[in-house]
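Colleague: The hints should help you fit chains B, C, D, E and F onto chain A, whose structure is shown.
Protein chains: 6
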Amino acid sequence: MTNETGGDERDRGAEDDRVDEHDHGDARDAPDAPDHDAAQAHDGGLELSHVDRHGGVRMVDVGEKAETRRRAVAEARVWIGPAAATAVERNQVAKGNVLEVARIAGIQGAKRTSELIPLCHPLPLDHVGVECRLDGEEITILAEASVFGRTGVEMEAMTAATVAALTVYDMLKAVEKRIEIRAVRLLEKSGGRSGTFRRES
Amino acid sequence: MTNETGGDERDRGAEDDRVDEHDHGDARDAPDAPDHDAAQAHDGGLELSHVDRHGGVRMVDVGEKAETRRRAVAEARVWIGPAAATAVERNQVAKGNVLEVARIAGIQGAKRTSELIPLCHPLPLDHVGVECRLDGEEITILAEASVFGRTGVEMEAMTAATVAALTVYDMLKAVEKRIEIRAVRLLEKSGGRSGTFRRES
Amino acid sequence: MTNETGGDERDRGAEDDRVDEHDHGDARDAPDAPDHDAAQAHDGGLELSHVDRHGGVRMVDVGEKAETRRRAVAEARVWIGPAAATAVERNQVAKGNVLEVARIAGIQGAKRTSELIPLCHPLPLDHVGVECRLDGEEITILAEASVFGRTGVEMEAMTAATVAALTVYDMLKAVEKRIEIRAVRLLEKSGGRSGTFRRES
Amino acid sequence: MTNETGGDERDRGAEDDRVDEHDHGDARDAPDAPDHDAAQAHDGGLELSHVDRHGGVRMVDVGEKAETRRRAVAEARVWIGPAAATAVERNQVAKGNVLEVARIAGIQGAKRTSELIPLCHPLPLDHVGVECRLDGEEITILAEASVFGRTGVEMEAMTAATVAALTVYDMLKAVEKRIEIRAVRLLEKSGGRSGTFRRES
Amino acid sequence: MTNETGGDERDRGAEDDRVDEHDHGDARDAPDAPDHDAAQAHDGGLELSHVDRHGGVRMVDVGEKAETRRRAVAEARVWIGPAAATAVERNQVAKGNVLEVARIAGIQGAKRTSELIPLCHPLPLDHVGVECRLDGEEITILAEASVFGRTGVEMEAMTAATVAALTVYDMLKAVEKRIEIRAVRLLEKSGGRSGTFRRES
Amino acid sequence: MTNETGGDERDRGAEDDRVDEHDHGDARDAPDAPDHDAAQAHDGGLELSHVDRHGGVRMVDVGEKAETRRRAVAEARVWIGPAAATAVERNQVAKGNVLEVARIAGIQGAKRTSELIPLCHPLPLDHVGVECRLDGEEITILAEASVFGRTGVEMEAMTAATVAALTVYDMLKAVEKRIEIRAVRLLEKSGGRSGTFRRES
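Residue numbers (the numbering used here), protein chains in the order written: chain A, 1 to 201; chain B, 202 to 402; chain C, 403 to 603; chain D, 604 to 804; chain E, 805 to 1005; chain F, 1006 to 1206.
Keep in mind that the hints were calculated from the coordinates and are not lab data. A portion of the hints provided could be inaccurate.
[Said to hold, decoys possible] Calculated cross-link-like contacts (lysine to aspartate or glutamate; reagent style EDC-like; alpha-carbon spacing at most 20 angstroms):
1. E:LYS981 x E:GLU941
2. C:LYS579 x D:GLU803
3. A:LYS177 x A:GLU89
4. E:LYS981 x E:GLU893
5. A:LYS177 x A:GLU137
6. D:LYS668 x F:GLU1072
7. D:LYS780 x C:GLU602
8. C:LYS467 x A:GLU67
9. A:LYS177 x B:GLU401
10. C:LYS579 x C:ASP537
11. E:LYS869 x C:GLU469
12. A:LYS177 x A:ASP135
13. E:LYS981 x F:GLU1205
14. D:LYS780 x D:GLU692
15. A:LYS65 x E:GLU871
16. F:LYS1070 x B:GLU268
17. B:LYS266 x D:GLU670
18. E:LYS981 x E:GLU942
19. D:LYS780 x D:GLU740
[As the list claims (entries may be wrong)] Label-pair ranges, simulated between beta-carbon atoms:
20. B:ARG400 x F:GLY1200: 41 to 49 angstroms
21. F:ARG1095 x C:PRO484: 30 to 38 angstroms
22. D:GLU803 x B:GLU265: 24 to 32 angstroms
C-beta atoms are modelled at their ideal positions from N, C-alpha and C, and glycine is treated no differently.
This is chain A alone, in the form it adopts within the complex:
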């Protein structure tokens, strides 16, 4: 993929549903920039805003966003090689049904996204779906997450796909040591202020 993330893309990034672009855009505030979030939150005279302005990890405050139906789909591809592919196809893997265990692990993984990713918000997910499919020497995983809430679920979809991919690795590593997770990426995202994103190819 060539890089084409020019101005347009960044402008859309500026409407992303997890970032309050009026304040910090896609880059940290300059030291003297007003820090709206912190100011608004700490009208009691606390000194948070000062410290905040100079950087440091920060979770986006989604309290002012609208609750909408949000949905994301991510994909992971895992190269497993010919011997493992044959074992999966014949369901002859010692540890069990690879595709089914990966699916369950992916669903459960999505529910723990906010524990794994430091700045993610905990969300009462409405749905997580994970599909796994053998494609030649690869296993393709599609993961979908949705919620009615104030922030998007792309990390949940990404986490589901990734945990499913790791599970594929774990179940097949005795057959093939060179298994490789390739191309974990977002395919689709909708429901936020930035509208619908759909990956082309």
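Modeller: Frame of chain A; chains B, C, D, E and F shown alone:
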């Protein structure tokens, strides 16, 4: 990468430290094969062995293995594109220091491997190390795990690398929507019965 | 209890608040049946629906359901035998106050339901209540859960009752090895599309 | 089952691998009894021992016990009724393969025993095995756990069986509301000071 | 601080957003008092109310409360001594950037409040912010949490501040063994029925 | 407490059981210092050591340490004020028995230390004990943790004390809003290379 997992590789696989190869090798037992683990475990006349023989998910029993110092190193590469790369380089990302947060998330993720991967054993890890580095338009993550125990730590290293990669994605997704995790794979592994594995290239 | 789960019961099951009966009822879709959920979700042309149609684990999508006040009550009964019953009655158990610890464990267990049960949705519970009572040689546990949400809380009530029961077992197992958890079951459920369920006897 | 937990049983209980019987046996110390554990632990003159002597929740200190190979097997039986039994037999349950999902949930549940049961010790389990089988209108679950350690694994086996049973309930509750978990109990236990326990009938 | 928690304070306590004061006020019901919550919940004739009336741990039922924007700020102060203060100031601590790691740990800790504090409700937090600052020989931590929900977030703010403080301790304990966490306390709280609380000095 | 952490104290700190003092002492390596740990671990030619040398969060590698019996005791003091003290003394708190719930929460909290504190090692604890006592207008909490392992348990003792203190706050906050956690600190520690530490006064 072409597949060269021929007989030799599988033979080494047959000594892998998480699979009891005398019983089920790299594929499930034939229905009439003796099932050593189950038989040994259930000498009390329980019927587990029967059900077991017909398939179903199974965790490897590591109780008979020797405690040795085990270590694994995994790598993840994340394409972030030029705009995000510039933001990382200048430490101008709104959410904070990307490489540092990813590192911490990776270390913490490794400690939760057995919760995420259904058939992994819980392990009292001696060490987890995660390094993150900007390489052009990519972030390269190296994760190492080690333990003195009865089973290997490659899943811990793989999980650390993957969670760090997801964290990179999360912190930069407002800047670049097409971020892609690439090439999560094992680089090195030592301490098990199969000796030391080192990935070439 | 005799089985009387005939047609009527299944019809009511068809309105259950966690299953979208128009699509898959109480049994998996026939291979050629239209799969509404998947189709609706993946109008972007993803291939999830295809894989989905052929089976595999699936979480119910509750995104289209109405938010209502939902509530469930479950019961567990634990036979502890006469020696343990005497110890509980006199509050002479070495590990502490059995009924109180079980109560707390049940409340905390309910909050982790979606981590334990693979297809359960995470829910911001409004309330969990657990009561424990010594009845002769048994301890009776009643657990209630409630939420204002899109899906029911019977698994939360069942999990609370069960974790409390396991805790009773743990605290008394030094006194009586043959402790047995009996009759974990739903007593009541309300707030979903299927109306109120109340167990008779 | 009639109660036969007389003197002999209690004597064996007195050797149970999680209770230090020289101090508190199957009942709390009398207020003026010497409290060996506390005294030993707090030779620095802290006042823990005093408070301790008067009761309150306490975890058994296993630090002085020998590391041995410990193993336990538990059983759960779940009545699911005829309609659900037919659906399971034909693998026609909308949510997926009931027996397989229950198995995975049981294995994962065992790994979280010490989080769920307040006084359980965290353990690096060597093995967890869960089997599920349809028997008429019941599903029978057998769960085994083993470890090389200082304390037994019966709670891990009990938790695995119970979480598998709850998962069976969850996956079939749309078909049958009166599902009931019956008879969760320990079948076998070995490796502790009290020798091998095997349940009769 | 002198104690001035007289009648007025308790009256305000009576409007606290986590306690239904009409029923149980700031103290447990007298044994013969009517128990509104339990009665309301269990109109099906369950016996919960009876057991409940006699005490035992109870979570507040927040189901009848209004959803409002709730926010809390807590503070922790950690004395680290002069040697550690110098190491922090120069960013020369072997384990890494103390203030940054503490910040991340605090944010992640807030998300786990309901797992740690037995009677806390799980909440889909909108925001957690943690600031850490070196003040002479102390590190001052400010933690803020907010949610749109039915119950307050003061425990989330308190937990964030405390986990950040423990992390400071962990990272500096090789330099100074006498580190001491001092003065974890609520500074501000708003959004509940009792109005805004602001700590004076 | 005045600061007296002079040279002697730091020398003892240099033997602390969680830090490899030959390499990084109580402060980060100078950029050109040899990095023993990284070098030893990465003899395969990986580039971790290079990145490592320039800083960033790091967990101490305890793999080379001896397994010994390690133990730590921590203390927390919570000011609760006179009204809450009276309610605790009379066991009249609406939410339940404050001291007992705090004890259980502390024990459970200790088991999660490595999840909360980023650089802590997961440990199979042999024992956690928590005592709570009302002292005038304060509640005093003593927490002890022990393990036979390669690293100390002071963070486990500190976490147990702190979580118990937060639980006291939670259960009494409706009675007294100005509750304050004071003086969480290590009292005693033994079993590591640095010998026994005992806090004076």
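Colleague: Now tell me, hint by hint, if it's right for this structure.
Modeller: The hints, checked one at a time:
1. The suggested pairing of E:LYS981 with E:GLU941 holds, with an alpha-carbon distance near 14 angstroms, which does not exceed 20 angstroms.
2. For the proposed pair C:LYS579 and D:GLU803, the alpha carbon gap of about 12 angstroms is at most 20 angstroms, so the pair holds.
3. At most 20 angstroms may separate the alpha-carbon atoms for a hinted pair to count; A:LYS177 and A:GLU89 meet this at roughly 18 angstroms.
4. Pair hint E:LYS981 plus E:GLU893 holds up; C-alpha atoms about 18 angstroms apart against a cutoff of 20 angstroms.
5. Restraint check for A:LYS177 and A:GLU137: satisfied, since their Cα atoms lie roughly 14 angstroms apart, inside the 20 angstroms limit.
6. Taking the CA atoms of D:LYS668 and F:GLU1072, the gap is about 15 angstroms. The hint holds against a cut of 20 angstroms.
7. For the suggested pair D:LYS780 and C:GLU602, the alpha carbons sit about 12 angstroms apart, so the restraint of at most 20 angstroms is met.
8. Taking the CA atoms of C:LYS467 and A:GLU67, the gap is near 15 angstroms; set against the 20 angstroms cutoff, the hint holds.
9. For the proposed pair A:LYS177 and B:GLU401, the alpha carbon gap of about 12 angstroms is at most 20 angstroms, so the pair holds.
10. A C-alpha spacing of about 19 angstroms is found between C:LYS579 and C:ASP537, which places the hinted pair at or below 20 angstroms, so the restraint holds.
11. For a cut-off of 20 angstroms, the pair hint linking E:LYS869 to C:GLU469 stands: about 15 angstroms separates their Cα positions.
12. At most 20 angstroms may separate the alpha-carbon atoms for a hinted pair to count; A:LYS177 and A:ASP135 meet this at roughly 19 angstroms.
13. For the given pair, E:LYS981 sits about 12 angstroms from F:GLU1205 by alpha-carbon distance, which is consistent with the 20 angstroms threshold.
14. Of the pairs offered as hints, the one joining D:LYS780 and D:GLU692 holds, with about 18 angstroms between alpha carbons and a cut-off of 20 angstroms not exceeded.
15. For the proposed pair A:LYS65 and E:GLU871, the alpha carbon gap of about 15 angstroms is at most 20 angstroms, so the pair holds.
16. Distance restraint check for F:LYS1070 and B:GLU268: the Cα-Cα separation of roughly 15 angstroms lies within the 20 angstroms cut-off, and the hinted pair is therefore satisfied.
17. Note on B:LYS266 and D:GLU670: the hinted pairing holds, with a Cα-Cα distance of about 15 angstroms set against a maximum of 20 angstroms.
18. Between E:LYS981 and E:GLU942 the CA atoms are separated by roughly 14 angstroms; this keeps the pair inside 20 angstroms, and the hint holds.
19. Among the hinted pairs, D:LYS780 with D:GLU740 is consistent with the structure: their alpha-carbon atoms are about 14 angstroms apart, no more than 20 angstroms.
20. Between B:ARG400 and F:GLY1200, the C-beta spacing of about 44 angstroms keeps the proposed range 41 to 49 angstroms intact.
21. Between F:ARG1095 and C:PRO484 the C-beta distance comes to about 34 angstroms, which sits within the given range of 30 to 38 angstroms.
22. Distance hint for D:GLU803 and B:GLU265: a CB-CB separation of about 29 angstroms, consistent with the stated range 24 to 32 angstroms.
Checked against the numbered hints above, the structure violates none of them.
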